[in-house]
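Work the whole structure out from these sequences, hints included.
The number in the numbering used here is simply the position in the sequence shown, starting from 1, with 417 added.
By construction, these hints were calculated from the structure, which means they are not laboratory data.
Computed from a predicted model, the values in this text were never measured in an experiment.
From the three backbone atoms N, C-alpha and C, an ideal C-beta is built for every residue, glycine too.
Please note that the accuracy of each hint is not assured.
Said to hold, decoys possible - In silico SDA-like links for lysine to any residue, alpha-carbon gap of 20 Å or less:
1. K859 with P711
2. K625 with N773
3. K625 with H651
4. K859 with D762
5. K527 with V539
6. K859 with N755
7. K527 with G541
8. K457 with T442
9. K707 with G541
10. K631 with E646
11. K862 with N755
12. K625 with H602
13. K457 with P711
14. K627 with F658
15. K625 with L643
Claimed, not checked - Distance ranges between label pairs, derived from CB positions:
16. G478 with S576: 42 to 52 Å
17. S775 with S850: 18 to 28 Å
18. P426 with A640: 50 to 60 Å
19. H651 with R462: 43 to 53 Å
20. D842 with H470: 55 to 65 Å
21. C465 with K707: 20 to 30 Å
22. Q644 with H470: 46 to 56 Å
23. A423 with N755: 21 to 31 Å
24. H455 with M557: 36 to 46 Å
25. G811 with H651: 37 to 47 Å
26. Q644 with M569: 38 to 48 Å
27. D429 with R639: 49 to 59 Å
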Amino acid sequence: MHHTPALHPVVDAVTRRIIERSAPTRHAYLAHLDAAAHRKPGAERLGCANVAHAFAAMPDGDKARVTGLSSSLDKFKVVADKGPNIGIVNAYNDLLSAHAPLQHYPDLIKIEARKHGATAQVAGGVPAMCDGVTQGTPGMELGLFSRDAVAMATAVSLSHDVFDAALLLGVCDKIVPGLLIGALHFGHLPTVFVPAGPMTTGLSNEEKSKVREKAAQGLVGRAELLQAESAAYHAQGTCTFYGTANSNQMLLEAMGLHVPGTAFVNPGEDLRQELTREAVRTVLGITQSKRFAPIGHVVDERCIVNAMVALLATGGSTNHLIHWVAVARAAGIVIDWNDFSALSDVVPLLTRVYPNGSADVNQFQAAGGPGFVIRELLDAGYMHADVLTVRAGGLREYVGIPSASSDKAAGGSLQWTDPGASKDDTVVRPASSPFSASGGLKLLKGNLGR
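Below is the structure:
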């Protein structure tokens, strides 16, 4: 059994302040969840006409699982077992490289659900816009608004109220916060996030920057610049710098809302598909075993602090100072920039990933990835270990690095191993010898701040 060290006193103090500050709103939120939780399964809550509308397009076999009606000629013979129905909220479009792989996820999810006596439906799609496309154009003005549009679309999707669990498919900047905010309004549902992973490494940021400089000086033309940009952003998957999209993935790992180690596995790998199947097995494992882990209880004050610590320890996107305040509020939790600043004073910087270094997220993953960082933060007392996650083993499971068995007879089973020592200490370091003893955020006061 792993020894859990004492929590760092500042992390403990910040957490206590958040719990005290949030008490009225968190209490009201949990009361709302409790009212929704103790009800019959999805297909039994609604009237017969409602149910018939919801499942009219389902194949007969799926319809029988979810309604309890026989799929034989006697379609009105009620059987005892009614399988859980998973609602899929998908941020797919093929404009965003990060979201293009999500096109085929629903079919894979439905097949896996059937293997376990369950069904899955695409509850709805949400908009997904890319700052990389809209930057410098009027479209960028919709960026932050799009987060709230995603949240609303997620809530609309789940409002059909015929679901016993949810899978949320999305990766990028505003999409993950929006999905999370929307899902927290249905916080009684067991919910797992399913990402697509980063594209493989292309032209390095250093080389790309050189071409940009030459273009600015008039030394190369548009064709050469476009060629360089296209060599950097070149395939399906998330952009490989550690911006808001990849920070989202790190935070979801730290919050226990992913299958462990899912964040930075490339789209084309067999492991990626197996991890997506595991997301189905994970959310059904909660639902079918009656293990108590609805998303509204997973995302508590300690979970939010763990996300804040992970952001600071990895030098993640400062956009999350906006997004995670809103995410926390959706769960009835009140955090502010004073909390970030207090944590930043003591949380060590453990990674250097572009733009905070020269490595990309693929190099970060190869050096140890989220599992290494979470292990170091847990072992040094910077993260709460006593939290609910979507996995029965809690946050300690998120230390593992996943791999898939090559033995097809084993059914492509997954296994997780400890990340061991850093594979590249210019990219990721242990808490005992960090790049910096504190984080990179500081709340300023005066003419440059408050």
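| Which hint numbers does the structure go against, in order from smallest to largest? | 1, 8, 9, 12 and 16
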